[in-house]
Amino acid sequence: DAGVTQSPTHLIKTRGQQVTLRCSPKSGHDTVSWYQQALGQGPQFIFQYYEEEERQRGNFPDRFSGHQFPNYSSELNVNALLLGDSALYLCASSLEIEQFFGPGTRLTVL
Amino acid sequence: RKEVEQDPGPFNVPEGATVAFNCTYSNSASQSFFWYRQDCRKEPKLLMSVYSSGNEDGRFTAQLNRASQYISLLIRDSKLSDSATYLCVVRNGGSQGNLIFGKGTKLSVKP
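As given, the protein sequences belong to chains A and B, one line each in that order. The numbering of the first sequence is my numbering, which starts it at 1 and goes up by one. The numbering of the second sequence is my numbering, which starts it at 1001 and goes up by one.
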């Protein structure tokens, strides 16, 4: 059983560009959460998707948006990239209590 | 004040040492508590949940004091493989509530 997978592994963008990150949840999991982890910090909650709807949202601007597909996979989109968006973006899937994290996408904004 | 605060670390200890991590949280309505472990450049992984009665898993013991809003993790007989960053985590909502992470405390166990 594959765990949570994310693509791409690494990404380099320039300021002002847009980026899409992808996540496939663990088999059978219907809830996907996204987190941003800046260097030296703990992960910060961006939003959570369930049944293709955004169920919860953290304190992130509207430049951060997402989507969940019928197969429960999810995308995170970030528009108008800023230097401060450079971070590890983690996807976590869950069915009940425990959240399982993917390996993350490391985004560098130049 | 941050919602979850941890010892800044880093902790550098010899093999076999006992090390304790402390954490405080600000929301008295927080319902679930966890310790996650994160290896360098890897994703966080659940180490253990934390219950009011305290719980133990081998060399690891976690304690929760709801009155003081304080969580602890004790590692006994530390191994080289315990070297990692330990993240204190709380969940405020129900079972699908989002996780709120502390900044993490880095542990280095030396031979």
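Don't read these hints as lab results, they were simulated from the structure. One or more hints might be untrue.
What follows is a set of in silico ranges between Cβ atoms, one per label pair, in the way DEER data are often shown [stated by the list, open to error]: (1) A/Pro70 with B/Pro1014: 52 to 58 Å; (2) B/Asp1039 with A/Gly84: 23 to 29 Å; (3) A/Asn71 with B/Asn1012: 44 to 50 Å; (4) A/Leu39 with B/Glu1003: 18 to 24 Å; (5) B/Glu1056 with A/Glu96: 43 to 49 Å.
Note that CB positions come from ideal geometry on N, CA and C, so glycine has one too.
So, going through the hints one by one against the coordinates:
Checked against the hint of 52 to 58 Å, the C-beta distance between A/Pro70 and B/Pro1014 comes to roughly 53 Å, which is consistent with it. For the pair B/Asp1039 and A/Gly84, the beta carbons lie near 25 Å from each other, so the given range of 23 to 29 Å is met. For the pair A/Asn71 and B/Asn1012, the supplied restraint of 44 to 50 Å holds, since their beta-carbon distance comes to about 46 Å. A hinted range of 18 to 24 Å holds for the C-beta pair A/Leu39 and B/Glu1003, which are about 20 Å apart.
Checking the proposed 43 to 49 Å range against B/Glu1056 and A/Glu96 shows it is violated: the Cβ atoms sit about 23 Å from each other.
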